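**Q** Spelled out from the first residue to the last, the chains are:
Number of protein chains: 2
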Amino acid sequence: MIAFGILGLFGAGQGFAQTDLLERARQQFKPIPAEAPALPGNPASPEKVELGKMLYFDPRLSASHAISCNSCHDLGRGGADEHSTSIGHHWQHGARNSPTVLNAVFNTAQFWDGRAKDLEEQAGGPLVNPVEMASAKAHVVEQLQGIPGYVDAFKKAFPNDKDPLSLANAQKAIAVFEATLITPNAPFDRFLQGDANALTAEQKDGLTLFLDKGCSACHNGINVGGGMYMPFGVVEKPGAEFLPPEDKGRFAVTNTPSDKYVFKVPTLRNIALTRPYFHTGKSWDLRQAVAVMGTSQLGAKLNDSEIDRITAFLGSLTGDQPKITYPVLPPSVTATTRPEP
Amino acid sequence: MIAFGILGLFGAGQGFAQTDLLERARQQFKPIPAEAPALPGNPASPEKVELGKMLYFDPRLSASHAISCNSCHDLGRGGADEHSTSIGHHWQHGARNSPTVLNAVFNTAQFWDGRAKDLEEQAGGPLVNPVEMASAKAHVVEQLQGIPGYVDAFKKAFPNDKDPLSLANAQKAIAVFEATLITPNAPFDRFLQGDANALTAEQKDGLTLFLDKGCSACHNGINVGGGMYMPFGVVEKPGAEFLPPEDKGRFAVTNTPSDKYVFKVPTLRNIALTRPYFHTGKSWDLRQAVAVMGTSQLGAKLNDSEIDRITAFLGSLTGDQPKITYPVLPPSVTATTRPEP
Numbered sequence: 001m002i003a004f005g006i007l008g009l010f011g012a013g014q015g016f017a018q019t020d021l022l023e024r025a026r027q028q029f030k031p032i033p034a035e036a037p038a039l040p041g042n043p044a045s046p047e048k049v050e051l052g053k054m055l056y057f058d059p060r061l062s063a064s065h066a067i068s069c070n071s072c073h074d075l076g077r078g079g080a081d082e083h084s085t086s087i088g089h090h091w092q093h094g095a096r097n098s099p100t101v102l103n104a105v106f107n108t109a110q111f112w113d114g115r116a117k118d119l120e121e122q123a124g125g126p127l128v129n130p131v132e133m134a135s136a137k138a139h140v141v142e143q144l145q146g147i148p149g150y151v152d153a154f155k156k157a158f159p160n161d162k163d164p165l166s167l168a169n170a171q172k173a174i175a176v177f178e179a180t181l182i183t184p185n186a187p188f189d190r191f192l193q194g195d196a197n198a199l200t201a202e203q204k205d206g207l208t209l210f211l212d213k214g215c216s217a218c219h220n221g222i223n224v225g226g227g228m229y230m231p232f233g234v235v236e237k238p239g240a241e242f243l244p245p246e247d248k249g250r251f252a253v254t255n256t257p258s259d260k261y262v263f264k265v266p267t268l269r270n271i272a273l274t275r276p277y278f279h280t281g282k283s284w285d286l287r288q289a290v291a292v293m294g295t296s297q298l299g300a301k302l303n304d305s306e307i308d309r310i311t312a313f314l315g316s317l318t319g320d321q322p323k324i325t326y327p328v329l330p331p332s333v334t335a336t337t338r339p340e341p
Numbered sequence: 001m002i003a004f005g006i007l008g009l010f011g012a013g014q015g016f017a018q019t020d021l022l023e024r025a026r027q028q029f030k031p032i033p034a035e036a037p038a039l040p041g042n043p044a045s046p047e048k049v050e051l052g053k054m055l056y057f058d059p060r061l062s063a064s065h066a067i068s069c070n071s072c073h074d075l076g077r078g079g080a081d082e083h084s085t086s087i088g089h090h091w092q093h094g095a096r097n098s099p100t101v102l103n104a105v106f107n108t109a110q111f112w113d114g115r116a117k118d119l120e121e122q123a124g125g126p127l128v129n130p131v132e133m134a135s136a137k138a139h140v141v142e143q144l145q146g147i148p149g150y151v152d153a154f155k156k157a158f159p160n161d162k163d164p165l166s167l168a169n170a171q172k173a174i175a176v177f178e179a180t181l182i183t184p185n186a187p188f189d190r191f192l193q194g195d196a197n198a199l200t201a202e203q204k205d206g207l208t209l210f211l212d213k214g215c216s217a218c219h220n221g222i223n224v225g226g227g228m229y230m231p232f233g234v235v236e237k238p239g240a241e242f243l244p245p246e247d248k249g250r251f252a253v254t255n256t257p258s259d260k261y262v263f264k265v266p267t268l269r270n271i272a273l274t275r276p277y278f279h280t281g282k283s284w285d286l287r288q289a290v291a292v293m294g295t296s297q298l299g300a301k302l303n304d305s306e307i308d309r310i311t312a313f314l315g316s317l318t319g320d321q322p323k324i325t326y327p328v329l330p331p332s333v334t335a336t337t338r339p340e341p
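Here the protein sequences line up with chains A and B, keeping their order.
When you line the first sequence up against UniProt numbering, it's residues 1 to 341, in that order.
When you line the second sequence up against UniProt numbering, it's residues 1 to 341, in that order.
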């Protein structure tokens, strides 16, 4: 315990001048911008964003009419839920922990294994996954076509399309809405923008450790992650609780042997809001997750003081949460398809 | 069909002057006020309403952390869902159709059988119902106490309480939030307030029929219902699909033989948004529900034209839906109780 105390007094970060730390940080990270980024080939309009928001919150996209995008990517809870794996159709569980939708637009690809290249492609996945929303593709369109308010809303969102109401356009609208779900103005962003007081001394120490220990080799860029693929357990395999042998990660996408147990490096943005952690969702404790990363990815047994400071730094990644006006959805009418019983 | 045409031309309402119709309507109905009503013994404050909103949207009040008040009383869908009976814990179904929370504050009691005297009492029901949210009473408090943001929010909402975080106070907060969920400014309200053009000619005909046929004997007052109990099938029992023999309604509350198959007369406010209909939720078609009411409650076989006009009038009961800023919920921390697996 004395050793920890000494480390606390002479922590790794305290030898560097603040300007040095800022310069080092700016080489690795970028702040979240204030405005939603544009999506290539899918220009935003207020009508398209509004349609996307309605679809995001509408449980009628699921076979049961009980599960919406927001059920598992809850915009009131860091864009995720708190289940190890989310509860889906008929109370089945998904295969991996629900990742946050917040700032997902900045990830290099979507899903833990990167099997969707962007938000638009991702949005089509859970809709038809039998353990998630469990809709048939044709059913989604039939369902929406039976709701007059959606027929109008698609026309307004896609004014130049001959056939505006389609699954592809639903995915486009959801994607432009999701691109608005960014969280600027985290203490760490303000630090990157030059406010030296935006981080506490402990958070600055944690940032220094994050850089020195090598965390930022993978968790870097605008999303402090989300930009590359790495094997989980590159130095030492964590226990089967965190890395069960049957989920081979990106190998299932690429069929390349070196992709076994490779996953997309997750964003650490808003990580304090999005427990539980790892693709299994089996760690409820951010400090534990930091420790596991140390041993499995860096071959470093972090001590309690280091874990505290890195965890404090991670707390500085919580940004302004999106302000959402809950959508009033277009009502079903007699001709609208009913939920399955 | 000729007969219907003649009835259409010389419909029951058309012989009355509009001022007469307005006077008759004002004797039976009152408009929804612009402001939320005060609750006796439970004064509102901005902090209490905000806390109530957070609790209303928070799935962590359920054992699974997957079901919130809003899951079945969706503020984007008329304050209800579209299931005959809602999907609850482990995909079980509730016993009766989920009634709308909108304007529920104006009902004389809560639940289809009136077993809760007010919103505050009602809010405690689904929380602990094993087929709904399935929490244990003690668990709700333990869960909330493990979330630091809630500890603060209860202190602010109940500043004079020695023990602010309690299940009773959670129910009070939810009740004051729900009291804000009112829908003023429906066309019918504007008509009652003197705007003769707020209803179409067909809707005025429908209102006249609604008065003449006797619908308003039960569906009256501010909520066009919600003010009394009546047997379903008072003239003629509807089929078992709509009135299954095993659900004896209010009899289970009072144990009074005359209360067999007695239910609270439901509000017709926003009825066009809240299909399906009846306590069984077995009618998806508002016109069908109107016809069944005619035969079962009034002994009147309404013709198609009458049903059309009454249904048109019911459409005038859709008011301004509450504008809700989706709450950012206080985050769980390591010490917070996890959802059941």
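To be clear, the hints were calculated from the coordinates, so they are not data collected in a lab.
Here the structure is a predicted model, which means the values were calculated and not measured.
Among the clues, some could well be false.
As the list makes no split between identical chains, a pair holds if one copy fits it or if it spans any two.
What the hints assert, rightly or not - Derived DSSO-like pairs: lysine-lysine, alpha-carbon spacing no greater than 30 Å straight-line: (1) Lys213 / Lys323; (2) Lys248 / Lys137; (3) Lys30 / Lys162; (4) Lys260 / Lys323; (5) Lys323 / Lys248; (6) Lys213 / Lys137; (7) Lys156 / Lys301; (8) Lys260 / Lys156; (9) Lys156 / Lys323; (10) Lys248 / Lys301; (11) Lys237 / Lys137; (12) Lys155 / Lys323; (13) Lys260 / Lys162; (14) Lys155 / Lys213; (15) Lys30 / Lys155.
**Q** Confirm or reject each hint.
**A** Each hint, compared with the structure:
Taking CA atoms no more than 30 Å apart as the test, Lys213 paired with Lys323 passes in neither setting, with 36 Å inside one copy and 48 Å between copies. Taking identical chains as interchangeable, the C-alpha atoms of Lys248 and Lys137 lie at most 30 Å apart only when both belong to the same chain, with a minimum of 27 Å there against 42 Å between chains. With identical chains, the CA atoms of Lys30 and Lys162 are never at most 30 Å apart, being 41 Å at best within one copy and 47 Å at best between copies. In this assembly of identical chains, the alpha carbons of Lys260 and Lys323 never lie at most 30 Å apart, being 39 Å within a copy and 48 Å across copies at closest.
Within a single copy, Lys323 and Lys248 get their C-alpha atoms no closer than 37 Å, and across copies no closer than 45 Å, so neither meets the 30 Å cut-off. Taking the shortest Cα distances, Lys213 and Lys137 never come within 30 Å of each other, neither inside one copy (46 Å) nor across copies (46 Å). In this assembly of identical chains, the alpha carbons of Lys156 and Lys301 never lie at most 30 Å apart, being 56 Å within a copy and 42 Å across copies at closest. Taking the shortest alpha-carbon separations for Lys260 and Lys156, neither the intra-copy value of 45 Å nor the inter-copy value of 51 Å comes in at or below 30 Å.
For the identical chains of this complex, Lys156 and Lys323 are neighbours both inside a copy (23 Å) and across copies (22 Å), given an alpha-carbon limit of 30 Å. In the homo-oligomer, the alpha carbons of Lys248 and Lys301 lie at most 30 Å apart inside one protomer (25 Å), although the nearest pairing across protomers, at 65 Å, exceeds that limit. In the homo-oligomer, the alpha carbons of Lys237 and Lys137 never lie at most 30 Å apart, since the shortest distance is 39 Å inside one protomer and 42 Å across protomers. With identical chains, the CA atoms of Lys155 and Lys323 are at most 30 Å apart both within one copy (26 Å) and between copies (24 Å).
For the homomeric pair Lys260 and Lys162, neither the shortest alpha-carbon distance inside one copy (44 Å) nor that between copies (56 Å) is at most 30 Å. In the homo-oligomer, the alpha carbons of Lys155 and Lys213 never lie at most 30 Å apart, since the shortest distance is 53 Å inside one protomer and 41 Å across protomers. For a Cα distance limit of 30 Å, the shortest separation of Lys30 from Lys155 qualifies neither inside one copy, at 37 Å, nor across copies, at 38 Å.
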